[in-house]
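Using the sequences and the accompanying hints, generate a full structural model.
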Amino acid sequence: MPAIEMTNPAALPADWRDILALTKPRVMSLVVFTALCGLLAAPAMPPFVLGFTAILCIALAAGACGALNQWYEADLDGKMRRTAKRPLPAGRMDRQSALHFGVGLGGFSIVLMGLATNWLAATLLAASILFYVLIYTVWLKPRTPQNIVIGGAAGAFPPLIGWVAATGEVSTLSLLLFVIIFLWTPPHFWALSLFVRSDYAAAGIPMLPVVKGFAVTRRQIFLYSLPMAAAAIAPWPLGLAGLTYGICAIVLNFVFLVLAARVLANGATDADQMEPEKHLFAYSVFYLFALFTVLVVDRWVA
Amino acid sequence: MRQEDEIVRRQRDRARIMALLLGAFVVLLFFITIAKTGMNW
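Residue numbers (the numbering used here), protein chains in the order written: chain A, 152 to 453; chain B, 647 to 687.
Fair warning: there could be bad hints in the mix.
[As the list claims (entries may be wrong)] Pairwise CB distance ranges (calculated):
#1 B:T679 x A:I398: 36 to 46 Å
#2 B:R660 x A:R294: 35 to 45 Å
#3 A:L250 x B:G669: 21 to 31 Å
#4 A:G255 x B:D659: 12 to 22 Å
#5 A:A412 x B:R662: 49 to 59 Å
#6 A:R232 x B:T679: 42 to 52 Å
#7 B:M664 x A:T295: 33 to 43 Å
[To be verified] Listed below are several chain A residues computed to face chain B (Cβ distance under 7 Å; list not exhaustive):
#8 P164
#9 D166
#10 W167
#11 T204
Think of the hints as simulated: they come from the structure by calculation, not from any bench. By construction, the Cβ of each residue, glycine as well, lies at the ideal position given by its N, Cα and C atoms.
Structure follows, in structure tokens:
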């Protein structure tokens, strides 16, 4: 491709690929998946087009959160290797466009959700966007090492919203799905933050390993894994899921706890020696996909 | 490639995508209306 003579790249209209990157498509995939599972696990099934629209709205809201997060953290992103190439810190897009895009997309997703499904789902969707942007990104993330713990609630909304979009009400299993993701988030992100600690330290973000050190973070990972495992297995003894789910949940959580114990036993401070942390991070993504898939399969097979 | 050419290319790309999205939105609204009114075909 020939070189472009540009005096100021941000003065150009943003390329559609950069607008798409603003929505953090990879994060969106996990959000869409958990929301879909919440919707499919619900006892009532809406017409296909309404279910599709509910998932679309949740995906758009996640995209809005990604855009508003990148708008607010553009300066911080520029200081971290992992995020320096994003459209805003790289100067391929101006901040105001990102703000307008995020607000517009978020508002659109809420109104469409309300019109297509029900206003309780739309209210929860609005709450999740506001929680992620205002409580997590603006307030907690730059101020406290517990940012991930409370901020994790924002990522826990999608299955709950999917469920409410289908049924119009909040029930025990939907709340358990919320709790599972809420408790899964700290071990997942702290495992990552251990081996990219220097990035967070350079950006001045008070992640737990930066503020409290490696040992405390590893202990917290293991401690959070215990209630997470209990919450993940709970639907089976509570009679909200069948034997298939119960057995799979026990196996998945046993492996999770073994990997968390390996992290606890690891004393490394060099990222190159943090294989247990990398394994736990990778497994935690698989774990969530597998657990929610099994829940839906169990629900539909039973 | 000059900056003016790049601006035109990006505007054209964005206009095409916006047209596609608007078309998809109209189709989606149509089917949502059908589903909400409970019409069976």
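Against the structure, the hints come out as follows:
no. : hint                        : in the structure
1   : B:T679 x A:I398: 36 to 46 Å : 44 Å, holds
2   : B:R660 x A:R294: 35 to 45 Å : 37 Å, holds
3   : A:L250 x B:G669: 21 to 31 Å : 27 Å, holds
4   : A:G255 x B:D659: 12 to 22 Å : 19 Å, holds
5   : A:A412 x B:R662: 49 to 59 Å : 53 Å, holds
6   : A:R232 x B:T679: 42 to 52 Å : 48 Å, holds
7   : B:M664 x A:T295: 33 to 43 Å : 40 Å, holds
8   : P164                        : 5 Å, holds
9   : D166                        : 6 Å, holds
10  : W167                        : 5 Å, holds
11  : T204                        : 6 Å, holds
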